[in-house]
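Student: Chain by chain, the residues:
There are 4 protein chains.
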Amino acid sequence: MNYDQILQEIYQEIQPYAGQGEPAAYIPDLLKVNPDRYGICLHTLDGQDFAMGDCDERFAIQSISKVFALAMGFARLNDRLWQRIGVEPSGNAFNSIFQLELEHGIPRNPLINAGALVMTDILLSVLEYPEREYLAFVRSLCGCDSIQYDESMAASERDNGYLNAAIVNMLKYYGNIENDVERVLRFYFRQCSVKMNCRELSRAFLPFADHTRAFSFDGTELTTSQVKRINAIMQTCGFYDEAGEFSYLVGLPGKSGVGGGIAAICPRQYSVAVWSPRLNKKGNSVMGLKALELLTTKTAVSIF
Amino acid sequence: MNYDQILQEIYQEIQPYAGQGEPAAYIPDLLKVNPDRYGICLHTLDGQDFAMGDCDERFAIQSISKVFALAMGFARLNDRLWQRIGVEPSGNAFNSIFQLELEHGIPRNPLINAGALVMTDILLSVLEYPEREYLAFVRSLCGCDSIQYDESMAASERDNGYLNAAIVNMLKYYGNIENDVERVLRFYFRQCSVKMNCRELSRAFLPFADHTRAFSFDGTELTTSQVKRINAIMQTCGFYDEAGEFSYLVGLPGKSGVGGGIAAICPRQYSVAVWSPRLNKKGNSVMGLKALELLTTKTAVSIF
Amino acid sequence: MNYDQILQEIYQEIQPYAGQGEPAAYIPDLLKVNPDRYGICLHTLDGQDFAMGDCDERFAIQSISKVFALAMGFARLNDRLWQRIGVEPSGNAFNSIFQLELEHGIPRNPLINAGALVMTDILLSVLEYPEREYLAFVRSLCGCDSIQYDESMAASERDNGYLNAAIVNMLKYYGNIENDVERVLRFYFRQCSVKMNCRELSRAFLPFADHTRAFSFDGTELTTSQVKRINAIMQTCGFYDEAGEFSYLVGLPGKSGVGGGIAAICPRQYSVAVWSPRLNKKGNSVMGLKALELLTTKTAVSIF
Amino acid sequence: MNYDQILQEIYQEIQPYAGQGEPAAYIPDLLKVNPDRYGICLHTLDGQDFAMGDCDERFAIQSISKVFALAMGFARLNDRLWQRIGVEPSGNAFNSIFQLELEHGIPRNPLINAGALVMTDILLSVLEYPEREYLAFVRSLCGCDSIQYDESMAASERDNGYLNAAIVNMLKYYGNIENDVERVLRFYFRQCSVKMNCRELSRAFLPFADHTRAFSFDGTELTTSQVKRINAIMQTCGFYDEAGEFSYLVGLPGKSGVGGGIAAICPRQYSVAVWSPRLNKKGNSVMGLKALELLTTKTAVSIF
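Chains as they are written, first to last, in our numbering: chain C, 1301 to 1604; chain P, 1301 to 1604; chain V, 1301 to 1604; chain D, 1301 to 1604.
Derived by calculation from the structure, the hints in this document are not laboratory data. Errors might be hidden in some of the hints.
Distance condition first, Cα-Cα at most 30 Å in a straight line; then the derived DSS-like pairs of lysine-lysine [to be verified]:
1. D/K1582 x V/K1582
2. V/K1582 x V/K1495
3. C/K1581 x V/K1590
4. C/K1582 x P/K1582
5. V/K1332 x V/K1590
6. P/K1581 x D/K1598
7. P/K1495 x P/K1581
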């Protein structure tokens, strides 16, 4: 497969989408980023990598961080995890708390905010130094020690994060949060604030595409079966209420963030990260979605 | 892959689940079936087939029929289809009509009842002899001319199908049904009443797993891209509000029916049909689900 | 109280509201009526009556008919009625069926469509000649033998009544309808089609305001306590999701219909009927609501 | 009316209900109270008062405090109040936040928690010394300077008030809270913690029943029309999702609290307060409800 040429073609063909959509406005720090950035990077299992565009500029990974938290928690609790979080798609906007009320505090899956808040609570309970270990895991995945929390963004998100504060209080009301709500919120927003560039993010997702090597990073160990299950959850739940659309158009497990990033994997083939800050109405990167759709069309390889 | 041995092992390992669950009670005709039947059949792309258990007894395919309707409608309307039906998982029980109210009569996807009723309405509008052509398509897929509607079951389901009558009236209220509601209901229940055995059903799904040969059956033609998209929809929406669980445990696109059947495919590898009438609380076959979970575990091949 | 002068003043003061709102468009026959009609009639307990405007033109009472059905059913089942229907306000638009799903087929109260359909089912079960007896009861209440169903309107409403068909099928699904759904719908729409003028409607409501004389009309007998309870239900549930607003602004038990009519009572004082076809967005008569607000302001008498 | 004898008879007739229900368990301090207390006190407009049972023991008024906050806010904002809060019954349990999500942060009415939290926010914005002025208003209404907040109960409720914390964060998210969420919660729970006995509470509600004297207490002035409107809101919204039932059985405007108190008024006749800590499943006092039902039955006077 000539990935260099494919990334080149994709770049040409997504130009008509440049300028469409708006960056997320509810996190002030995100508005400081140039909204017209576009970068894509792809790592294959045989050790090659291909990049195009703004691949060296870091951005806040936001909800993509939920995949890392899921991996850490799943490795430690295994299937006991599912007593506190489901694996079903939410079928509603990413911030809906109606479902929490109907289902008495059990979030639908680990990739919506409610689920990630419970996962954060779990990490606070099982890890000795949660913030430090989370960062160490991410650094280990992408092989880069300079990955950091953006403390200023995390603090600003906490100050304005009323919806997540509502959700975590609801969860606590239903008995599904063990730690202090403020402690949970602080850690959650720090995870969201982690900054990575497309090269680092693609590299960090490569182990999720690789069933040949053991998944073992800084104390987080997953079996092949567990890695596949994380893939399955990304496939059905990774794009808020656009998960079906992504599955329909792209056909890869993945996760998006409101910072404009999307990471996805083609099992046994490659991992890919794309970034472009302008979002559609459902909160997913306009150019990012289109780029991945073109990628699976041009390679004629998806999971289906 | 020694599928014969795998089916044998599966048969042994699912015995502890025998007798668990209950057959669907709301369709009287389904209760006449021996609830302890179990059959499985698998067709590979290279032309082999493997069977085990009650593979020659026909059962009502019920909701599995929605996949055939989707194929027929998608072939004819292509992407215009999505103006009337979505592709997102429903995130609710299979019979919820709350979502219809919230979303003004646009069903979430073609594999829930509301979506299949709209699809039925579409087929009534675009086909000249809808009932005859539907049956011809299914016969052509499995290469068996004796496939029939069970008219008595269809009539009985219509007589007691108050929930589907409620749904189709809601859809009509929102302007998403063109034909007479009674006409739509009659055709819908006839599709559900189609009887096939595991061999025939597995055979009928093989073309959805095969991207090398053209999909062309009795006038219904689908491109490779369209076939993949039907796979994607089965993957995210095929198991009511257990779609995530199925994806998590099995990792194959598929569709279940309350008659106890499940059909699934492993793209580029095989199709499989399993049947056992006892259902779990979400309406999916207990032994069927377990058999497919064991199948992907033992073959170590899934889409992830 | 000089009611003549008050009705006169009201007439002057509501002129600025003339032309506001639109008549109900979903029932074709309602659009044949001159939308700028306005009539009001008031009957006092001491036997006087006062009228103003278009008081002799009959209109379809539509949902006001639900009060008559409630009286007939309550008289016959007494408190057993509440096993099948609640007495709580619905807190949602008049056509919501989400609540039915959440509450498993028990309508919130007898004055929303779902409740009235159950009430209609009850009347079909307990009355020998339901249509004839219903009409006889209404005629007896207002002392006028020429009150009739508008059969053409009833038939036309049935033909287009998809939402009510959805509701009655839902109710049947939950086991809360004993009779054939089509039979229930036909009788329900006949009740809605009853035509009365303001004089007749006001006269028909007078017995609900009168606790001194026995309530006994053509076989329907209610105790004082039952009459008060019907008042209480009208007070909390009579105006769809504008019941609180009506209670806040007017402070009288009453019931509105999409034909533009409103009937209300001031217990121990008077009954009143007002009619004007232009409706606000919640389906209540614009001039009718304003007239009643002015009435309780000018008389300084309400239930509060 | 011989109220002494009526209260005596009520006392006899409610004995079969003694021991039914449970006191609210989610507020630890409420469990310290003897659950078998029962007291009732009634004040007539002509200056008499009648009492029976445990009328001198103070209890936490809890949600009854919402009526006082409504009076203070309504007096100051008049109809501008309704831009931020509705007047419709909620039709759901007292703690539902689904409605907030559907209606974008506008609470249904001022007597549910969400509405009272917005009202608390309003008082924080318009009053100079909110806590002090609130207490002064309540003291002025009942003519007793020893009324106090129970600071310990307020603090304990805040510590465990996750649901209210969720609600106020939701409201803030939708822009309907101006002040700091913690500040709002603290003041809200202090209002709930106010302790009064039946004599004081009945006395405090008397001005809401009296349309002959000006409503003017410590700077809070309401017109007769405003007082009637508060009555109307109590009538339709005062008992969570049992408002219709209370209206049906009792027929008086009123408000209950989870401390077991209920205050109600019969306009132009009397005010009444009853207290008994055991609650039914909807959170209203079992013996209190029954006592008020007997009161309006025996006096044969209600608003209907």
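Student: Each of the hints needs a verdict: does it hold here or not?
Tutor: Status of each hint after checking the structure:
1. D/K1582 x V/K1582: Between D/K1582 and V/K1582 the Cα gap is close to 29 Å, so the pair holds against 30 Å.
2. V/K1582 x V/K1495: holds, 22 Å
3. C/K1581 x V/K1590: violated, 41 Å
4. C/K1582 x P/K1582: holds, 29 Å
5. V/K1332 x V/K1590: Holds, because 24 Å separates the two Cα atoms, which is no more than 30 Å.
6. P/K1581 x D/K1598: violated, 51 Å
7. P/K1495 x P/K1581: Distance of about 23 Å is within 30 Å: holds.
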